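S.K.: So in the numbering used here, spot 149 of the sequence shown is number 340, and the numbers just go up one at a time.
Derived from the structure by calculation, the hints contain no laboratory data. These numbers were taken from a predicted model, which means no experiment stands behind them. Warning: the hint list may mix true and false statements.
Claimed, not checked - Taking lysine to aspartate or glutamate and the EDC-like style, the derived pairs with C-alpha atoms no more than 20 angstroms apart in a straight line are:
1) LYS322 / GLU355
2) LYS347 / GLU296
3) LYS345 / ASP247
4) LYS345 / GLU281
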Amino acid sequence: MHSQHSHTFYHFPTKQQETRSYRYLSFAQGRRHRDDPEEPLPPPPRFYHEPRFYKDEYIQTLTLDDYYYHRENARNGVNEVLFSDEFNHEGYQLCLLLCPNGLREARGRFLSVYFQVLEGPNDESLVWPVKFYVKFILQNRMKNEDHYICTLPKNKSIIQTPAERGSTFSRGVRRFFPLDLLEPNYLVDDTISVQVAFW
Numbered sequence: 192m193h194s195q196h197s198h199t200f201y202h203f204p205t206k207q208q209e210t211r212s213y214r215y216l217s218f219a220q221g222r223r224h225r226d227d228p229e230e231p232l233p234p235p236p237r238f239y240h241e242p243r244f245y246k247d248e249y250i251q252t253l254t255l256d257d258y259y260y261h262r263e264n265a266r267n268g269v270n271e272v273l274f275s276d277e278f279n280h281e282g283y284q285l286c287l288l289l290c291p292n293g294l295r296e297a298r299g300r301f302l303s304v305y306f307q308v309l310e311g312p313n314d315e316s317l318v319w320p321v322k323f324y325v326k327f328i329l330q331n332r333m334k335n336e337d338h339y340i341c342t343l344p345k346n347k348s349i350i351q352t353p354a355e356r357g358s359t360f361s362r363g364v365r366r367f368f369p370l371d372l373l374e375p376n377y378l379v380d381d382t383i384s385v386q387v388a389f390w
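Could you build all of it, start to finish, from the sequences and the hints given here?
M.R.: Below, the structure written as C-alpha cells:
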C-alpha cells in the first residue's frame, strides 16, 4: 500500500434497507464470455444513495453484484472502470469510479477506487479550487465491524476545476485493497460494497 494513505479498520453502523434509493451504474455492457451467447447478462452493479449524515460525513455506497463477472470483463479490457450515477454534495456534482480488477500497475492485484468532480449547474457560484476530505470504506459483509478504510491525504483531494463528462480525471486510491484478500469477509455471495465519505 502507498504509505501516504491512512488505512484503518472502522466500525460503521448498518443503515435500514428502506432508506436506500436504488439507481444503476452507467457502463457499456459486454456479452458474457460463455458458450451460449444468448444467455442473459447479469444485472448491472447497484449504486444506492444513503440520504443521511453520520458524524458530519456525507456517505455514498457502491454495491457491485456479480463481482467475478465484472472482474473477468475488466481482465479482457471491457469496462475496466465502472462509473456511478452522478450525485450532488454541497452544490458540487460528483460520481464514483470503481475498477474491479485494478488500474494500471494495480491491475490484477488491487481494487482501485476514485471520485470525480464533474461540471454542474452550480459551478459559477461555487468556490474553486475545492478541497474535499475523503475516505473510502470497504465494507466487511460478514459482520458490522472491521471495515477497511483509506483516507486520502489533503493534497490528493484538492480539485482545481470540474472535469468534463467522459473524462477519467479523478482522485482516489489505485492500490486500495488486495484482490486476493477480499474473501471471505469483504467479498460475500459474489458481492462487494464500497463507501465514500465526504466531510
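S.K.: Now look at each hint and say whether the structure bears it out.
M.R.: Tested hints:
1. At most 20 angstroms may separate the alpha-carbon atoms for a hinted pair to count; LYS322 and GLU355 meet this at roughly 18 angstroms.
2. Using a Cα cut-off of 20 angstroms, the hinted pair LYS347 and GLU296 holds, with the two alpha carbons roughly 19 angstroms apart.
3. With a C-alpha separation of about 17 angstroms, the suggested pair LYS345 and ASP247 falls inside the 20 angstroms cut-off, and the hint holds.
4. For the hint pairing LYS345 with GLU281, the CA-to-CA distance comes to about 18 angstroms; that is within 20 angstroms, so the pair holds.
Every hint, counting from the list given before, is met by this structure.
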